[in-house]
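Fit chain B to the supplied structure of chain A, relying on the hints for placement.
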Amino acid sequence: MTTTSVQVDSGINAISTNRDKTLVAAAGRLVFKVYSIEEGSFREQQDLRVGRINLNYSCNDVVWNPVKDELLATGATNGAVVTWNLNIQRDIRNEKCDMTFPANGSSSGSIRDIQFNPHQLFMFAAATDNGYVQFWDYRRSDRVLLQELVHQEIVFSLDWHPDERQWLATSGRDKTIKIWHWESHEWRLRIDYTLYHIQSVRKVKWRPQRKYHIASCSQVDDNAVSVWDVRRPYVPFAVFEEHKEAPTGIEWYDQNVFLTSGKDGNIFQHVFKDAKKPAETSNPVGLSMSLHGDIFHTSALSGKNTHQRGSISNDITSVKRPMFFRRTDRTTDSFPAYESTLVYYELKEDREDSEYIPYERDKLHIPVSVFKWFCASAKEYQLTGKPFGELCEENAKIAEGLGRHQVAQTWHLLRLFFVDVSQLMPKVYSKQSSGGSAEVPSSQTSTEVDRDSANIHREGSMDQNPPTEVSHAPDSTTGVTDEESDSELDKNKRRNKMLAEMDPIENPFTIEDEENYVGEYNWWENAANENWHLPTEGFSHRHEITDRPPTPDTLHDRSRPSTPPPKPELDQNLQASHNHPLLASHAIDQAITKHRSEFNLSIKYRPLIKEMLAYYADAGDVQMSVSAYIVLGDKIKGEIPSETIEHWFISYIELLNRFKLWTLANEVIKCSDHPNIQMLNQQSTTIYTNCNNCEKGIEKHAWACSKCSKLTNPCSIW
Amino acid sequence: MYVARNISADHKDLIHDVAFDFYGRRMATCSSDHSVQVWDINDKNEWHCTASWKTHSGSVWRVTWAHPEFGQVLASCSYDRMAAIWEEIAGSTTQSQRRQGHWIKRATLVDSRTSVTDVKFSPRCLGLKLATCSADGNVRIYEAPDLTDLTTWEIQDQIQTKLSCSCLSWNPSRLHPATIAVGSDNTNPAAGGKVQIYEHSENERKWNRTSMLMSITEAVHDIAYAPNLGRSYDVLAIATKDVVIMRFDKKDPAMIGPAPGRNTPVQLDHQGAQVWQISWNITGTILAASSDDGMVKLWKANYLDKWKCIQVLKGDGSSVAPLLMQPKEAARETRGSSLPEPSVDAGFMSSSSVESRVNLPFLHVWI
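Note that the protein sequences, when read in sequence, are chains A and B.
Under the UniProt record's numbering, the first sequence is numbered contiguously, ending at residue 718.
Under the UniProt record's numbering, the second sequence is numbered contiguously, ending at residue 367.
It should be emphasised that the hints constitute simulated quantities derived from the structure, not laboratory data.
Just to be clear, a hint being listed does not mean it is correct.
Distance condition first, Cα-Cα at most 30 Å in a straight line; then the derived DSSO-like pairs of lysine-lysine [stated by the list, open to error]:
#1 A/277 <-> B/54
#2 B/308 <-> A/348
#3 A/670 <-> A/397
#4 B/162 <-> A/273
Next comes chain A alone, as it looks inside the complex (with noise of 0.2 Å):
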């Protein structure tokens, strides 16, 4: 059996097939033919409508008789009933009517659709347009046995279970199929189940051998005939999408394949194994990750739940709800579970009382999520108002505190580059006033940086070829073990070797705490002669100005060259320190050597710069990217271009923003130096007010409230 189909001249809208399955009429509106099912095809027997056309012969509805195979019968939309016989080809209509059984009451109007009881000879039920199912008893015309309600709206179908006595399925305009159980007894009937159609149901019908199996289709607007088990009432087992047009008819060859009319003039004979299961594609988890790492996942349940769903007793009557359970069925026809759970997966910290973000100085505390280490870095990152070397140890620190190592090494060799450099050419020219040679370690100590700082950002940007020593690498005692980690102690402890060699009095890594630093410059004072005193006052508060970030200035359509032009008044100062034999020899002022190597210094890791930021946010921290430029200010002006340069600010302000720390996403618009970013600022903000007496929110007039009709407070502090 396969399924095959058969093109008939114009819509259909019902067929039948004879008591052994053989032949099967289609009838619609301008169609009556009988056909053969033969295998793997229709062949057309007879075409019925010949001759005289009139209303009469305008089929609704079409039923063989059960039991003379020639004698058929139609109704037509005006109401008439038309008897055929293939023999003769002709209507043998009986003119009179048997029996008329007057719909009466409350219960009026048309009736959709009438079934005998398989199970009780003189029993039959109709659907009314209202709602209403009735039951009446062939002989008695006089009275309806039993009147239910049972859709909200038109009855449009019915049909008694094949196998189990008590059994009706109605299906109505309300696109519900439901399953009532007739108990004769008491004459009522219960509900048993309802099933969800996706449309108004036309046509219920019982698959037969299959106890809980009913094929449905609907009225309009939906092409497919679907095939449920009743126990299941939202997704139907299996669904036959061939029409193009709306089925019309429904009737079962065997429990395996089913014939199907279609207002597309299709007939189909569909068999179960080209059906589609929309249970078995359908998706049975989902997956929600939520901002802070929290998530929830469902999935269908399975495994454990099948064999208790097996041990259950067959005996359907006698365990009630819940449905899950009653799923027991002789036949292989079953769905795969369709309940769900729900597993919300929250990310906790490891300390307990991180309830929120307890950043403190000085102790590890190392945050899981995202949210934790950003929130706190976004709070405590400090990108104006000090100097920049103090600005770069303050984030480090603060980095360090977090567990994130790599961001505070980085942080530190910022600081290395712009400032730290220039703290060492003292110490060159101390060495050249007592005699030696002051060019060689200095370039000595600017490559060594140079190369320790490619080698980071090699390993750091993901080089396809791992370092050999990662593998390696030795255990360490530090705990952190992972290969990221190894490539990060071993950096470490190839900067610290490299600083070692470049600074054996103080190593910058090692300062503790703020005065310390302050006082850095202390020991070459000491170490050197006297002559190493500041010459005028000036120059000092030159040095602090020059080397603090810029301020977030305001007139940004103020053109910038691409690179900083030094000061004039350096240039001079710079001609100076050459033409003048003093200041060349020994009182070197300290500002001008400073703004020298940072000069250099700058051009030299600009690109490398470039890249550890880009490099960051490429990593997914935006936040690194965006502080780090801020801090660096006019020392990498220009280098990036500037769309990406707004790409990294409007990303890291809707982290901001969706972390809601509004107030650090201003700060991080005022700090940014891009006029379209700058511009978010400047756009209107709406502010909503509620009535405070009613609660009611106030939309057209700001002084009286609309549904309370008092007066607003007229003014408000919040």
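Coordinates of chain B only, in the frame set by chain A:
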């Protein structure tokens, strides 16, 4: 450390989707029982269902939140061939509305002739737009021209992908023209790549297919662009038989970043289980993937761009498995676990094998 909590949802059939809102304080679920539920978290960190209402007359496949700038807006899509827009309104409820909360239907999108399989709001920078895709292979882009009026949605474009669509994802990058990746659940390997990427051309005013990922031949069940937080490239995760992560470098030379050439797809092995849904964390550094064996795996790339499984969560919530179980062991664990344990440490103490020690601190770094 993850603490699992079972939550009893009053859904009568399978739940197909869960979705956190923008701030992670609300959550929506949708189910085959035609309904959508909205959950809110209270001060004690407990989730409560605050609304549950019938949204469709078919299985509801997906639910998604709009950006809160546009109000509390949900979109749902269903087997009944419709997508619907729901908005929560402030105001007092009558008794009859109690169950539905304050959610009212703003619009129904009825253009599809077949099941609507996915619905997604566009990134905020594109305004209030909505993309739907349906089983007959049509992708439709809707736009609300008036942000204050959610009842009017104009169909802006319709793309015919020729393959039945199962999922879609907007590219969140601001630097890109509007881009949508569409996945297909077509099971025929001969039908070509199952992921297609469409880009909107402002000049031509139409959507052009920019690529079809020929390497993806199996049915695709979920697809997700990683959040683009200043990244110079785009990352796309695809749930097929396994999870595939692809990255697309920007062609724009003005962008800076590491040299291209590492955009070979990464395959994340789920040991034969079918992956159905994936979700990125906020920074796009960790990918959670859930498969039909009820497990959630969290993946993270290390500095070499090698993706490693950093955590396995069991779907029934009974326990949080330690890391790096051997495949056999994992299978045994799944079957054997019957006693629910409310919380199990991620294995920092219990597991002492070398492998797990190597991999554990990933979790510490940044989820």
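Hint check:
1. A/277 <-> B/54: holds, 23 Å
2. B/308 <-> A/348: holds, 21 Å
3. A/670 <-> A/397: holds, 24 Å
4. B/162 <-> A/273: With a Cα-Cα distance of about 25 Å, the restraint between residue 162 of chain B and residue 273 of chain A holds, given a limit of 30 Å.
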